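Novice: Residues per chain, in single letters:
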Amino acid sequence: MAVSLRPLLLLLVAVALSAVSAARAEIAVVVNPESGVTEMTRDQVVNIYMGRYQGLPSGITAFPVDLVPLRQDFYSRLVDRTLAEINSYWARLIFSGRATPPRRLDDATAVLEVVSNNRGAIGYLPSGAVDDSRVTVVLELVDD
Amino acid sequence: MRSPLSYLRTNLAIRTAVVILLLVVVVGLGFLAMAVQVIQAEEHRQQMARLDGLLDTVQNTVSIATYLEDRELAEEVAGGLVRNPTVLAVEIRSGGHVIAERHKGGPGTPINGDTLVRELHSPFGEETVGRIALVPDDSEIQSEVTRATSYTIVFLALLLTLIGGGIVAVVMRYVTHPILRISNRLHDLRAETGEKLDLPRGSETDEIGRLVNDVNGLIDHLVAILHQERELRLEREIAERKFRTIFESAESGIFVVDEQGVLLSYNPAFGRLFGLPPSGPTEHAAPRFPVLFQGTPDAVAVAHLLERCAEGGGPRSGDFRLPGEDGATRWVHVVLNPVQGGYMQGVVNDITQRKLSEESAREQAITDTLTGLHNRLGFDRRLRELMERCRREPAHRFSLVMLDLDKFKPINDTRGHLAGDLVLKHVAGLLDARVRDSDLVARYGGDEFVILLDGTTDRAAIVDIVESLLRRINEPIRIDDGDTVQVGASFGIAFYGGDAGRRPDIVRRADEAMYRAKVGGRNTYRFHDEV
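Sequences listed follow chains X and H, in order. Quick note: the first sequence uses my numbering, first residue 705, plus one each step. Quick note: the second sequence uses my numbering, first residue 164, plus one each step.
Honestly, the hints are just simulated from the structure, not real lab data. Among the hints, a few may not be true.
[As the list claims (entries may be wrong)] Pair ranges (Cβ atoms, derived):
no. : chain 1 : residue 1 : chain 2 : residue 2 : range
1   : X       : E738      : H       : G216      : 49 to 55 Å
2   : X       : T786      : H       : L321      : 57 to 63 Å
3   : H       : L321      : X       : I798      : 57 to 63 Å
4   : X       : Q758      : H       : G216      : 34 to 40 Å
5   : X       : I798      : H       : D219      : 20 to 26 Å
6   : H       : L192      : X       : I798      : 58 to 64 Å
7   : H       : E282      : X       : D835      : 42 to 48 Å
8   : X       : Q758      : H       : E290      : 14 to 20 Å
9   : X       : P737      : H       : E290      : 27 to 33 Å
The model shown is predicted, which means the values in this text are computed figures rather than measured ones. We treat Cβ as the ideally placed atom computed from N, Cα and C, and that holds for glycine.
Turn these sequences into a full structure, and let the hints guide you.
Specialist: Put into structure tokens, the structure is as follows:
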């Protein structure tokens, strides 16, 4: 029974999230201020998040993190894919070990925490949650 | 043993069948070649489409593999692809280097022109991140083609065999077989007996029927001609036998010579006439016709006759002498007639009897029966001949001596005609003895005689002759009863030709001179030009 209820729950979550994303117009991609990176192109961000490159443009090993509530909005804006597609993408790679999906964090505070404490970390936050003293915004994803 | 090829040449049915089947095979092979081409092209196209489909299937995964340069994922995809029978090799490149490569049957397969290459884009953008190349398995394509072709071959072969066989059967049934039958029948046909060809069933109205009818028409015509020919030959044989009988039994000599005069054939009468074998000339003994007259006075004339006849211009004839038995002369009349082919046909008749009677008749006509001298007719003829000669040869001349017996009439009256005749014969003998053979003595009539002295008008010589004649005539003549009688003679002489000119009245002039001699005392002579 629990299994059969899951799509319904997902739908409810999605509706709730879309309400949140509508309220926050922009998503900011952030890195550690000491990463040596101040700006990134969309492609560079995609390559890191989709596992293609393991390093930031400055050469430091990248450590991407997902913010679970903003994930759907982020990937939709970044690569125009649904979460299902993104999941399917990672599922294909599960056995090769060549790439691993970004670590998932549940709230913006955790993202800020991880990014500000790791030189190679890269994450994303709603624009309003960015604390400029702790992280550097390298790309802003506007709603199309 | 005949070779199959010779059957091809001599047997219409086999040749027709073989040619049709050959044509069918050639056409079949042509179609097959075309079909193989089409099948091959189509098969290739399908193969490419299948490969394209395969690529579509794996595109997403392989895009990801190249995007991430994930060798394991790429190897997995390549392994899956190469398991497909139509794929020979797979090569996946990411960026500039190969991240996966699979070959059926080992590495080293060239990426050739048929290779299907697809650029791979990033799953998340337009960026080209690599490419995948598929090499189709030609042997697989080929085996597919072979399979499809073999079906086509079987169907085509079956179809063409049926069509070819059908055509052969139809041609055999309607064309070759009837022609063969006609040909064989014609080969053994004895047309002269009036045998005919049968009309093949089913061909009554077509070209074969017409052929048979025409041949039968020809046979009819032929038989009619043969019949006619035979009758003609029979008629000719009868006619020839008739002519041969005539030829064999004719009393006339009949012969044929060629242009050279060589005897080609003659009948028994001819053989008898010339003393040749009666069976005709043989190859070894075929004399020339003129040779039969060799040694006779007419040999040249015969040769001449032959020549003139050979030159053409109708029949020629002539009378010729032949040496007969015991030295007598025989006469033959030869008629030569040119016939076709340069030959001449001749008829020879023995005319000796006719010649002889003609001769004697002519002699009688100009001879005085009492004295045996020429008569007046003989004299006239001779006179004309001499005059003619003088006309041709102006230097020629002759003299005419005319004499009349004196005192003859009383003897005739008193001693009788027999005594007169005796006197005339005696005088004739005297005259004839005194002149040359070339001269002529004739009894002109009654007791008148004439002498033609040919070639002379010499008065002295003539006077000599005349005076000696006068002397002898005046000598007594013994008559039957032992008595003697005496006569005299008056001579008149005239000249012709030379200085005397050619006055035609020589007889009148001699007569006139003789009259003058009588008047002048008888027993004398006068020249016509004396006063």
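Novice: A separate judgement is required for each hint: does it hold in the structure or not?
Specialist: Comparing the hints with the structure gives:
A beta carbon spacing of about 51 Å between E738 of chain X and G216 of chain H agrees with the range 49 to 55 Å that was offered as a hint. Judged by the Cβ atoms, the range 57 to 63 Å given for T786 of chain X and L321 of chain H holds: they are separated by roughly 60 Å. Our hint of 57 to 63 Å for L321 of chain H and I798 of chain X holds, since their Cβ atoms are close to 58 Å apart. For Q758 of chain X paired with G216 of chain H, a C-beta distance near 35 Å keeps the hint of 34 to 40 Å intact.
Between I798 of chain X and D219 of chain H the Cβ separation comes to about 24 Å, which falls inside the hinted range of 20 to 26 Å. The hinted range of 58 to 64 Å is satisfied by L192 of chain H and I798 of chain X, whose Cβ atoms lie roughly 60 Å apart. Against the hinted window of 42 to 48 Å, the Cβ-Cβ separation of E282 of chain H and D835 of chain X comes to about 44 Å, which satisfies the hint. Here the CB-CB span from Q758 of chain X to E290 of chain H is close to 18 Å, well matched to the stated 14 to 20 Å.
In this structure, P737 of chain X and E290 of chain H meet the distance hint of 27 to 33 Å, their C-beta atoms being roughly 29 Å apart.
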